[in-house]
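There are 2 protein chains.
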Amino acid sequence: MLGYSSLVEPQFTSLSELRRFALGEGVSAQALFGEGAMLNLVELMPDALIPPHSHPHEQLGVVLCGQLKFVVAGHEHVLAEMDAYALPGDVEHQAQAGSQGALVLDVFQPVREDYRDAAQ
Amino acid sequence: MLGYSSLVEPQFTSLSELRRFALGEGVSAQALFGEGAMLNLVELMPDALIPPHSHPHEQLGVVLCGQLKFVVAGHEHVLAEMDAYALPGDVEHQAQAGSQGALVLDVFQPVREDYRDAAQ
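Sequence order for the protein chains is V and L.
Using our numbering, the letters of the first sequence map in sequence onto residues 1 to 120.
Using our numbering, the letters of the second sequence map in sequence onto residues 1 to 120.
There's no promise every hint is true.
[Claimed, not checked] Some, not all, of what chain L presents toward chain V, calculated at C-beta under 8 Å:
hint : residue
1    : Leu15
2    : Leu23
3    : Gly36
4    : Val111
Read the hints as simulated data drawn from the structure, not as lab findings.
Every value quoted in this text rests on a predicted model; they were computed, and no experiment measured them.
Note that CB positions come from ideal geometry on N, CA and C, so glycine has one too.
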């Protein structure tokens, strides 16, 4: 008993050791779940497409490798390495990897319970 | 007027273009502020030390380059590239970069208003 005020313990892990789960065709992820937010390392195969969708969760992220093209409200945003984004909840968005694929670190708040289920 | 349900608009930016602010000796950061969470890209010079501290905000993060040693509850956790962590709020922690320095992507929820002030 360390006396933390939270029910969640500190976590330290290699992202590579986390269970990989599928998010769609050519898209897989590994997630670290906090209390009110989560990290999601997403690997997209070349040209992999995440079709238009929305969720109430706020989403932020950084492109770590490759290129990712977002479409939000009819506008294209092409992101390269170390480009970042912040999308409020309930904003419809589409994303597609470039021809070299992409590695993206996503953040959701609150935690996506559907991802927690998928990661188990 | 795009009709977003949130007061916050979608944001797309290169992290390198964000204003850099000091977090301590040998430690600087660039932040992207969302509504309920934020990204903070932290650059630590070799051996730079962030002394023991705590905050009510939950903190998650990933080491992108170099090495970072956390001390939490008397335990050392040495993190290398693509190692991640999740710290509940109000947990005292210390961090120190390795001899090559470190580049770390931190996430806080909720937003750290002290960082918003510092970044202006």
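Could you tell me which of the hints above the structure violates, numbers in ascending order? Hint check: 2 and 4 fail, others pass.
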